[in-house]
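Trainee: Residue numbers (the numbering used here), protein chains in the order written: chain A, 1 to 139; chain B, 1 to 139; chain C, 1 to 139.
It is possible that some hints are incorrect.
It does not matter which identical chain is used: a pair holds within one copy or between any two.
Listed next, the in silico SDA-like pairs over lysine to any residue satisfying Cα-Cα at most 20 Å (straight line) [said to hold, decoys possible]:
no., residue 1, residue 2
1, Lys-130, Leu-111
2, Lys-6, Trp-116
3, Lys-6, Pro-115
4, Lys-6, Pro-23
5, Lys-6, Asp-36
6, Lys-69, Arg-16
7, Lys-6, Arg-110
8, Lys-69, Arg-80
9, Lys-6, Leu-111
10, Lys-130, Gly-114
11, Lys-6, Glu-139
12, Lys-130, Asp-87
13, Lys-69, Asn-82
Everything labelled a hint here was simulated from the structure, so no lab data went into it.
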Amino acid sequence: MRSYRKELWFEIPSRRGFLNITPEVEAAVEASGVRDGLCLVNAMHITASVFINDEESGLHADYERWLEKLAPHEPTWQYRHNLTGEDNADGHLKRQVMGREVVVAISEGRLDFGPWEQIFYGEFDGRRRKRVLIKIIGE
Amino acid sequence: MRSYRKELWFEIPSRRGFLNITPEVEAAVEASGVRDGLCLVNAMHITASVFINDEESGLHADYERWLEKLAPHEPTWQYRHNLTGEDNADGHLKRQVMGREVVVAISEGRLDFGPWEQIFYGEFDGRRRKRVLIKIIGE
Amino acid sequence: MRSYRKELWFEIPSRRGFLNITPEVEAAVEASGVRDGLCLVNAMHITASVFINDEESGLHADYERWLEKLAPHEPTWQYRHNLTGEDNADGHLKRQVMGREVVVAISEGRLDFGPWEQIFYGEFDGRRRKRVLIKIIGE
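So here's chain A without its partners, still in its complex pose (with noise of 0.2 Å):
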């Protein structure tokens, strides 16, 4: 059995943001020389997301609108976990809407993927440094 192991990072200028970040998971695949396995890929943080879905700007305003509409950032002291100190409780609500992970096959060394899935990383709290793992098993 073969593994790899990788972590990316990213600055999301915003608060939040959608990031494609197939690329470099095609490229962690190739490096890893696994012809037939799994690859996770999830974010290290807790209001941050990875999901699969479309590469099209009018959905991701839409996600957008509707994550906003389900778990609204404003006003933030409806929130407890904000007495913390923190402004984010949003963000990790949102996060459970769009998933932490996915689990992607690699077959014939290359991700298995349907016409049109791409991979993406949500950030619901941004404007610093965070990361997300790509870990690959197989042969």
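Based on the hints, put chains B and C in the right spot on chain A.
Mentor: Using the frame of chain A, we list chains B and C on its own:
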């Protein structure tokens, strides 16, 4: 290490629907010859889900009504994604709530399930052929 | 390839609650002898979740209130599932938001975690014994 890959194809005749795919996944586990390992089952399309819950028609009606409340299909013009000519933005949102994939343990050659766990394909933009990927690794 | 399987049993004394199970999962990783691999932790019941987030009681109160808003327990007659004699339909919905499972990388014999990641069991229909499955594969 053994690995096994199989695609399942479906055409759900309505926009939305849930399909129990547990027998197909069990058959894949048996065909794989894997006794101990992990089984990934994921939608290969981004307006569909794979999830684990109960085979109970009342619950499925509850999911349908609940998801429609969280992310309504109508009016379609409320979503920017639909300006691209699509009418499926709500499907991209619903899929995030229900999830893209499940990872199930394989033990003693079988899906290692609790008493009521069943695997479902959740369709949110049907009436065309779409795929699920099963990827198994183990020994 | 090594594999390891362990069940954790709980009885949460109230309908809903969150329990930090990180120490039990860490112990399983150590017992497995796996240095590099993947660790699946999943609820074996369909009105419960396993998720990763922060060990902070204010945040847990926020999750409780937020989930109750997204999928209220009362009135129980609003859900068709409850016509079967159950009163836990809301638990099946809440579990989809919080997720069934997490997959965590194992590196150098330990859970490969970011600074604040902790694993929780989320109960949405408690007051009876229920199980979590830990399945580890790797080398």
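Trainee: How would you label the pair Lys-130, Gly-114 (within, between, both, or neither) given a Cα cut-off of 20 Å?
Mentor: between (28 Å within a copy, 9 Å between copies)
Trainee: Between the shortest in-copy and the shortest cross-copy C-alpha distance, which are at most 20 Å for Lys-130 and Asp-87: within, between, both, or neither?
Mentor: within (17 Å within a copy, 35 Å between copies)
Trainee: Checking an output row: Lys-6 and Leu-111, CA cutoff 20 Å. Within, between, both or neither?
Mentor: Both: 16 Å inside a copy, 15 Å across copies.
Trainee: Can you tell me if Lys-130 and Leu-111 fall within 20 Å by alpha carbon in one copy, between copies, both or neither?
Mentor: between (24 Å within a copy, 18 Å between copies)
Trainee: Between copies, within a copy, both or neither: which fits Lys-6 and Pro-115 at Cα up to 20 Å?
Mentor: Between. Shortest inter-copy distance 16 Å satisfies the 20 Å Cα cut-off; intra-copy 26 Å does not.
Trainee: Within a copy, between copies, both or neither: where do Lys-6 and Asp-36 come within 20 Å Cα-Cα?
Mentor: both (18 Å within a copy, 13 Å between copies)
Trainee: Could you figure out if Lys-6 and Pro-23 sit no more than 20 Å apart (CA to CA) within one copy, between two copies, both or neither?
Mentor: This pair counts as within: shortest intra-copy Cα distance 13 Å, inter-copy 25 Å.
Trainee: Cα distance capped at 20 Å. Does Lys-6 pair with Glu-139 within a copy, between copies, both, or neither?
Mentor: Both ways: Lys-6 and Glu-139 sit 17 Å apart in one copy and 18 Å across, limit 20 Å.
Trainee: Between copies, within a copy, both or neither: which fits Lys-69 and Asn-82 at Cα up to 20 Å?
Mentor: both (18 Å within a copy, 19 Å between copies)
Trainee: Checking an output row: Lys-6 and Trp-116, CA cutoff 20 Å. Within, between, both or neither?
Mentor: Cα proximity of Lys-6 and Trp-116: across copies only (19 Å, versus 24 Å in one copy).
Trainee: Within a copy, between copies, both or neither: where do Lys-69 and Arg-16 come within 20 Å Cα-Cα?
Mentor: within (14 Å within a copy, 23 Å between copies)
Trainee: How would you label the pair Lys-6, Arg-110 (within, between, both, or neither) given a Cα cut-off of 20 Å?
Mentor: Classified as both: same-chain Cα gap 16 Å, cross-chain 16 Å, threshold 20 Å.
No hint from the list above goes unmet by this structure.
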